[in-house]
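A.B. asks: All chains, full assembly: derive it from the sequences and hints.
Listed in order, the protein sequences are those of chains B, A and W. Residue numbers for the first sequence follow the working numbering, beginning at 1 and rising by one. Residue numbers for the second sequence follow the working numbering, beginning at 1001 and rising by one. Residue numbers for the third sequence follow the working numbering, beginning at 2001 and rising by one.
To be clear, the hints were calculated from the coordinates, so they are not data collected in a lab. Any given hint might turn out to be false.
As the list claims (entries may be wrong) - The list that follows gives simulated cross-link-like pairs (lysine-lysine, DSBU-like), each with its CA atoms no further than 30 Å apart: (1) LYS1048(A) / LYS1371(A); (2) LYS1077(A) / LYS2099(W); (3) LYS48(B) / LYS1326(A); (4) LYS1326(A) / LYS1048(A); (5) LYS2275(W) / LYS1458(A); (6) LYS1447(A) / LYS2275(W); (7) LYS2081(W) / LYS1077(A); (8) LYS2042(W) / LYS2009(W); (9) LYS1089(A) / LYS2099(W); (10) LYS1447(A) / LYS32(B); (11) LYS1021(A) / LYS1069(A); (12) LYS1371(A) / LYS1383(A); (13) LYS2095(W) / LYS1089(A); (14) LYS2178(W) / LYS2052(W); (15) LYS258(B) / LYS1447(A); (16) LYS1089(A) / LYS1021(A); (17) LYS2056(W) / LYS1447(A); (18) LYS53(B) / LYS1326(A); (19) LYS1313(A) / LYS53(B); (20) LYS1074(A) / LYS2081(W); (21) LYS2273(W) / LYS1458(A); (22) LYS1326(A) / LYS294(B); (23) LYS2033(W) / LYS2015(W); (24) LYS32(B) / LYS1306(A); (25) LYS1048(A) / LYS44(B).
Claimed, not checked - To give an idea of the interface, some chain A residues facing chain B are shown, with a C-beta separation under 7 Å as derived from the structure: (26) TRP1004; (27) TYR1006; (28) SER1007; (29) SER1009; (30) ALA1271; (31) ASP1273; (32) GLU1277; (33) THR1317; (34) ASN1327.
A virtual CB, placed ideally from N, CA and C, is assigned to each residue, including glycine.
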Amino acid sequence: MSSKTSLKNSVIDWSSTIDMIDNVRIDELGVKERTSSLATRSIKRDSKLEGLKKIVSMCDLTTLEGEDTEGKIAQMSSKAMTPDPSDADVPNAAAVCVYPSLVSTAKNIVRDSNVKVASVSSYFPSGQAPLESKIVDTQFAINEGADEIDIVINRKAFFEGDFRKVYDEIVSLKEICGDIHLKTILEVGELETYENIKKASLIALSAGSDFIKTSTGKISSGASREACLVMARAVREFADSGYGVKGIKVAGGIRDSKDAIRYLVIINEELGVEWLTPEYFRFGASSLLDDVLKQIKKLKTNSYQSSYYFPRG
Amino acid sequence: MNNWEYSESIESEKIVNIEKKYGNFIDGKFVTPKSKQYIDTISPSTEKILSSISIGNQQDVDYAVASAKEGLKKWSKTNPSERAKYLFKLARLIQERSREFAVLESLDGGKPIKESRDFDLPQVAQNFFYYAGWADKLDIAWGNEQYKPYGVVGQIIPWNFPLLMLSWKVAPALATGNTVVLKPAETTPLTALLFAELCEEVGLPDGVFNLVTGDGSTGSHLVNHKDIKKIAFTGSTGVGKYIQKSLAGKDVGLTLELGGKAANIVYSDAALDEAVEGVVNGIFFNQGHVCCAGSRLLVQEDIEEKFIKKLEKRMQTLNVGNPLDKNTDVGAINSKDQLDKIEKLVNEGVADGGDLFQIECELPKNGFWFKPSLFTSVQANYKIATEEIFGPVLTTLTFRTPEEAVEIANNTEYGLSAGIWTEKGSKILWTADRLEAGVIWANTFNKFDPASPFGGYKESGFGREGGRHGLLSYLKVSS
Amino acid sequence: MTDIKKTYKNYVHGKFVRSESGKVYSIDLKEEKYEIPLTSKKDLRDAVTSSKEGFKNWNQLTMYNRSQILYRLSEMIEGNKDSYISLLQDHGLSKLDSKNDINHAIDTIVWYAGLVDKWEQLTGNLNPVAGEYFNISHQEAIGVTFTLSPNSMSLNKLVKAILPALTVGCSVINFSDKNAVIALKLSEDVNNSDFPSGSLNLLSGKFENIVEDVGGHVEIKHTAIYEDISKKSKEVLGQKGSESVKRISLLPSTSGLSSILPFIETKTVWHPKGK
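C.D. replies: As structure tokens, this is what we get:
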């Protein structure tokens, strides 16, 4: 992990990137078997409580709807700062994730806390716009005060075989971001094969992304544990090559604690416990947090909870 | 915050009910052994005594064989579709009581509950289910020749997969119309004894399944009994050779499933992360107490360094400890004797000049344990490269070309299994054609299915278990 | 005097449904009188839609799993044996004949249950081609299959019209006329045996009402009939079926390996061997 500061923002050149991509070989069944074997881990008692608290601290509370208003964002932001007002032991969430036009609203509320504001950009969720427009979109979010930017890869270019274009666009957007945390969404549900997911992961990492993220949450197929495993192995390969330590965000369809813990197990065993911090692993979710809070209460009080004990987010 | 150890998650032992002392199961009931000799069976993870079992002597074996002979009269007249139904019912009962069996297996043998629960028991039930289906289809299994059961069959099974090996032996034997005298290993008899209770429960006719516990001497009485028409043995090559010699010149059928020293060949164009998983599973599954374990890693020279690094990192994530903890990946070594044998070979490997990597982990104070281990810088003539270790120890050799890989892989008296890792299909088939092994896994390892035949080439034995071919181990062409 | 008639429904996609037409026909037995749905063309189309999904569902399961489900059906029938026996007696069979028929039906199902994970070991093989190729022929289920029930009062004959196609992985639409009460009774046990929705649909009615649509429906890949249907129906089925090269066969008369052969396709795969 020693190389993380020096290499964090560097871009890996295209020819090294192509070398990595050419060597991508994945056995689908092998990935599935490993994933289902990790799902049998039985996480109980102390390790469960510890895991659940980690999950809270890794949550990017997200709302990405046309109907979002300042009022809704205010509520969510305040919940991110103090997810469970009745229990000081429960940490704050990592960030709130919103559309660019709502960044300043969120920022105003979380300004003095540890909670970051993440904004989607680059014509989320389709990414079907010229690079210039994506740059404008991203620049706007940054100007509004975003701490983190979530962009989407150019799937059109990816499927047309123009990997270079996918890479170049991310490089350009990272340039604008500078030190601002860049998360690149692969949309694994569209990529379909594990080899595609790994290739896209490596392109995004090489191009300077700080995080790779599974999904937009806007198509029916969101994050999967298998995709997370493949992405974790891409991150591992990247780190083992001395290219830097990067993070993963899983988003889309993770609704309960049990599922979220299984993601933690994958990261723990494939990457290592060093990755189990909000700096390197995040959950993008809207309804997950409530279930996690309920489970924490349940572990501490030994009785099942109702969601009306917790503030709306 | 940078620490996330999994808390203990122990499967309760309360579900099992172990008697203080067990007799034999003969003629449809538990009987007091005539030998009056007993031996303790202990839990290898705690060294606690679980129960006492009898060491069957000549008289006990005589009684069991006589009962099987008597049972044959009825069994051979039982309609094949009725035979099928008994086996189907056994499969169902095993499914219903699988948690109990799994806990017992892990207690008695030391294997992780994860494996006994998710591998052994489902396979056992499926195996009875599968062979049940053949019982009324022997007429279409192997063409028009007249196949007949042998009659009374003696079966001797090992301690590494106690109940699974029982199912591999008993299900096809009964499906084809034979009756059985079974001897389980002396360190792991408890699940076989519980199985005998199920036979009683489904009302299997008396004498069809008989069980005599004991050690090598008991096995020897069984092998040499004049009324035994066929012996099926799974165990070491040494004992296999002894049995074959004992039966020389006699009209007794024999199938042997013996040792192995399988090569797991990793080509540089393999999906390496999946290959690492396969190699780990190939050798550390069931503490390496697997006759088909991928105990020789053959890795292509240009990726050796990268691959070993990945492998060591992955090995370090293995959880070693209490077999009843649901998060345990590697359990206890089955016995003190076996542990001594592993330690001796590993010490010799180090003395010979091999580089030994062992994972960092704490081992429990009591019980028999060995850290998952990896040897590199090994020469082909080292003992650890040729002898079956039967423990969690992997030996690495390198090769430059496919021809060389095949040559090294075949450079052994064994021929049970082999693994091939490459994303190139034609290379899999080319390599598989040339490997002298009864089972070859490509881009996977240690996969078993009742529908798939298993058994060895060369000194790994002869005969097949599983699949349509497995029927032939219990049928002979009638003249 | 009014007869109280017992009503049976079609069994489609795991649900008991009336004919959309609302039409019924009667089967009068010794003790009871039954109203039976008269399947319409629309009902048939619905059943095919269900069977198409059912084919997918049924094929997603492992052979072992399918085998267990068929075995489960035999267990269910075993558990309800007495009610089947009295139903057959109501159809005019003697008690002994009824009992024998049910026992045979159970044996038939158990036999096929055991074949599910074995038939391909008997029908598939490697082909020794001259050259460095791996060449294997293996078999797959043909798809949505329509089978007619023989018009005889026998559970055993009925299951023989259903099981061979199910065994190899086809989804089955079985159509009964005079023996519909037995078929629709069977549907109750089918419903309790974990069959995925649409893998087995049981309809009743008059074949001549729908024969043209059975022949013409492209999604029905195979139709198995019995010898005794009218010459006209046979012709219509054959002519309409020819438009989509539909497989049409006679229902197998015995259970044996040959009984499944009409319901499978052979696929041959070539692959080179080399370094």
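A.B. asks: Taking the hints in turn, state whether each one holds.
C.D. replies: How the hints compare with the structure:
Distance check on the hinted pair: LYS1048(A) and LYS1371(A) sit about 21 Å apart at the alpha-carbon level, within 30 Å; holds. With a C-alpha separation of about 22 Å, the suggested pairing of LYS1077(A) with LYS2099(W) holds against the 30 Å cut-off. Of the pairs offered as hints, the one joining LYS48(B) and LYS1326(A) holds, with about 14 Å between alpha carbons and a cut-off of 30 Å not exceeded. Taken as a hint, the LYS1326(A) and LYS1048(A) pair is honoured in the structure, with Cα atoms around 20 Å apart against an allowance of 30 Å.
With a C-alpha separation of about 25 Å, the suggested pair LYS2275(W) and LYS1458(A) falls inside the 30 Å cut-off, and the hint holds. Between LYS1447(A) and LYS2275(W), the direct Cα distance comes to roughly 25 Å. Compliance with the 30 Å bound is thereby established for this hinted pair. Distance restraint check for LYS2081(W) and LYS1077(A): the Cα-Cα separation of roughly 25 Å lies within the 30 Å cut-off, and the hinted pair is therefore satisfied. Straight-line distance between C-alpha atoms of LYS2042(W) and LYS2009(W) comes to about 15 Å, which keeps the hinted pair within the 30 Å bound.
Between LYS1089(A) and LYS2099(W), the direct Cα distance comes to roughly 22 Å. Compliance with the 30 Å bound is thereby established for this hinted pair. For the hint pairing LYS1447(A) with LYS32(B), the CA-to-CA distance comes to about 15 Å; that is within 30 Å, so the pair holds. The suggested pairing of LYS1021(A) with LYS1069(A) holds, with an alpha-carbon distance near 27 Å, which does not exceed 30 Å. Distance hint between LYS1371(A) and LYS1383(A) is fulfilled; the C-alpha atoms sit about 19 Å from each other, no more than 30 Å.
Restraint check for LYS2095(W) and LYS1089(A): satisfied, since their Cα atoms lie roughly 28 Å apart, inside the 30 Å limit. The suggested pairing of LYS2178(W) with LYS2052(W) holds, with an alpha-carbon distance near 26 Å, which does not exceed 30 Å. With a C-alpha separation of about 29 Å, the suggested pair LYS258(B) and LYS1447(A) falls inside the 30 Å cut-off, and the hint holds. Note on LYS1089(A) and LYS1021(A): the hinted pairing holds, with a Cα-Cα distance of about 28 Å set against a maximum of 30 Å.
For a cut-off of 30 Å, the pair hint linking LYS2056(W) to LYS1447(A) stands: about 26 Å separates their Cα positions. Of the pairs offered as hints, the one joining LYS53(B) and LYS1326(A) holds, with about 23 Å between alpha carbons and a cut-off of 30 Å not exceeded. Proposed proximity of LYS1313(A) and LYS53(B) is supported: the alpha carbons are some 27 Å apart, at most 30 Å. For the proposed pair LYS1074(A) and LYS2081(W), the alpha carbon gap of about 27 Å is at most 30 Å, so the pair holds.
A threshold of 30 Å between alpha carbons decides the hint, and for LYS2273(W) with LYS1458(A) the separation of about 24 Å falls inside it, so the pair holds. The hinted pair formed by LYS1326(A) and LYS294(B) meets the criterion: a straight-line CA distance of about 25 Å does not exceed 30 Å. Taking the CA atoms of LYS2033(W) and LYS2015(W), the gap is near 23 Å; set against the 30 Å cutoff, the hint holds. A C-alpha spacing of about 23 Å is found between LYS32(B) and LYS1306(A), which places the hinted pair at or below 30 Å, so the restraint holds.
Restraint check for LYS1048(A) and LYS44(B): the C-alpha separation of about 27 Å stays at or below 30 Å, so the hint holds. For TRP1004(A), the suggested interface contact is upheld, since its CB lies about 5 Å from the closest CB of chain B, less than 7 Å. With a least beta-carbon distance of about 5 Å to chain B, the hint placing TYR1006(A) at the interface is held under the 7 Å criterion. Taking 7 Å as the C-beta contact cut-off toward chain B, the hint placing SER1007(A) at the interface holds, the least distance being around 4 Å.
This hint holds: SER1009(A) has a C-beta 4 Å from the nearest C-beta of chain B, less than the 7 Å allowed. Nearest Cβ of chain B to the Cβ of ALA1271(A): about 4 Å, under the 7 Å cut. The hint holds. This hint holds: ASP1273(A) has a C-beta 5 Å from the nearest C-beta of chain B, less than the 7 Å allowed. For the restraint placing GLU1277(A) at the interface with chain B, the shortest Cβ-Cβ distance is roughly 5 Å, inside the 7 Å limit, so the hint holds.
With a least beta-carbon distance of about 5 Å to chain B, the hint placing THR1317(A) at the interface is held under the 7 Å criterion. The interface hint given for ASN1327(A) holds, since its Cβ lies 6 Å from the closest Cβ of chain B, which is under the 7 Å cut-off.
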